[in-house]
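Each protein sequence line maps, in turn, to chains A and B.
Quick note on this note's numbering: the first sequence kicks off at 16 and runs consecutively.
Quick note on this note's numbering: the second sequence kicks off at 16 and runs consecutively.
Rather than coming from a laboratory, the hints here were simulated on the basis of the structure.
Hints should not be assumed to be uniformly reliable.
Said to hold, decoys possible - EDC-like cross-link-like pairs, simulated, lysine to aspartate or glutamate; straight-line CA separation at most 20 Å:
1) B:21 to A:180
2) A:21 to B:18
3) B:219 to A:41
4) A:183 to B:309
5) A:21 to B:153
6) A:108 to B:55
7) A:21 to B:308
8) A:151 to B:153
9) B:229 to B:263
2 protein chains.
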Amino acid sequence: MTEIRKHYFLNEYCILASGRAKRPQDFIKDDARSRRPAKDCPFCPGNETMTPPETAVYQLNSGQSWDVRCFENLYPALSPPDGHHEVIVETAKHDASPADFTDVEMELMVDAYQDRFNFYAHKASILYVSLFKNHKREAGASIAHSHTQLIALPLRPSELERERDVIKQLDRCPYCSITKEESGSSRVIFEDQTWIAFAPFYSKTPFEVWVIPKRHINNITCMDSSERTSFSRIFRDLLRSLKVVLDDPPYNYHFLQTIDEDYHLNIRILPKLSIAAGFELNTGIYILTVPPEDAAGFLRGV
Amino acid sequence: MTEIRKHYFLNEYCILASGRAKRPQDFIKDDARSRRPAKDCPFCPGNETMTPPETAVYQLNSGQSWDVRCFENLYPALSPPDGHHEVIVETAKHDASPADFTDVEMELMVDAYQDRFNFYAHKASILYVSLFKNHKREAGASIAHSHTQLIALPLRPSELERERDVIKQLDRCPYCSITKEESGSSRVIFEDQTWIAFAPFYSKTPFEVWVIPKRHINNITCMDSSERTSFSRIFRDLLRSLKVVLDDPPYNYHFLQTIDEDYHLNIRILPKLSIAAGFELNTGIYILTVPPEDAAGFLRGV
């Protein structure tokens, strides 16, 4: 059972998910779970019975039964009719992550992202589909085998509402402006005809990266074939650069996008290198110890 | 040198603080600093030369040269004329924290909080004084010896601006309502004539606690004598309960308050028991694994 709760007076929400840790002792030193060996890994081939049945699988010409496998989260943050919570295991290899993927592996992952987004986006009462990845325990991954999560929500996040209010006032797309302003700047890490990847002027964490299509499209299913190919390469190369420069850091990445409403897709990669502590909680202001211009230089150098 | 940077189009800010970690290798495994022994602790008596000179000290009748000592942060997030960043070491004892304080030690800490808030609140161009504590490394403390931080800012945090907008629409104080609504509820941990402490219905982390005065006062310097005595006891007891129930967890606490503007002081204690990961970054929605009603029960039971 899950329950969505609203803040006393702001448009903010939390989700009470009772299938998970519940008693005080559950919070006291529990490091064992994510370190189990591959043979006990519930996301490895051969251990499919350790997870709920698959909702979709995607295959390369690899001869394996799956290369990407999707299933409902065993401990969902939301369950029907409130929403859906799916796990997307992007590789059968226990120790691989997208930074290591070949071109075709990366394209298969993007295919799966598009397909699963599309599947949930048009279900009844779904207003937002959150697609995100937590890499490593310090970034919130409870299982070491690489995976992405999708949570389909019956509400629009307040972050997007806040953006929408400002965009209405501006009466133009700020992301279209950003792609033009940052083009060729000292913060650019990669740029081609269709995409720009850069360390944003305003960052919440050191080495934060934004990836934005130059064309104004609502979500990842709107990419055309050349955008899709280019995105797969850029995104993999960015993750690879972060892995090299920061010695495989924990990170989160997530997609800001809408289902049908007018918006400009943008993807954010946030290495977990600092702790949002009392000051950030108190003020919403982030203290940044690396200028984005320097971060971009390090990442471009790979 | 520090620089305040604004988000591309939202009213959100980050602070670029260049005196701190800067190169990629600085982020790769640096666990030594917070674990140095007491004799090398820059916050211990006898090591005062390891920090900038004191800006204030507070004494009990202990015969020590100080019981609370304040000085500018060696690596400030903000420095004049943009702002100020001060460290408040609340105890001379290397291994103590407010959860362990006696009544008089706690009252001295609250005295110091009031005094330092007041000192910075009325400096030129200061619009907000952020007062917060990070307890333990996992909650962002880089030095183990207990301390609080104060950052005086030339801007109002967007969190407070957002609250202000809603409060204007409501045309009443939502915190006054909350103290009445939660009074006697299953979420109350402690309540007397002057204060209420409870696990909020909407929480961002398991075992989050809000502490609110029943009287509508802007900030901690407005407490009367009985409010001040009561707050010292309640606050210490709450920290002690968290220490017992959760085996001395990392936590952050912070004060939401204004300098002169009409507001209702509220203090928030957030144990660091979960990681704000991809979903929280993407949506601003927090997944909560302990119902606040249960958390309050555990904390009341101590």
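**OP:** May I ask which of the numbered hints given earlier this structure violates, with the numbers listed in increasing order?
**Re:** Result: hints 2, 4, 5, 6 and 9 break, sorted rising.
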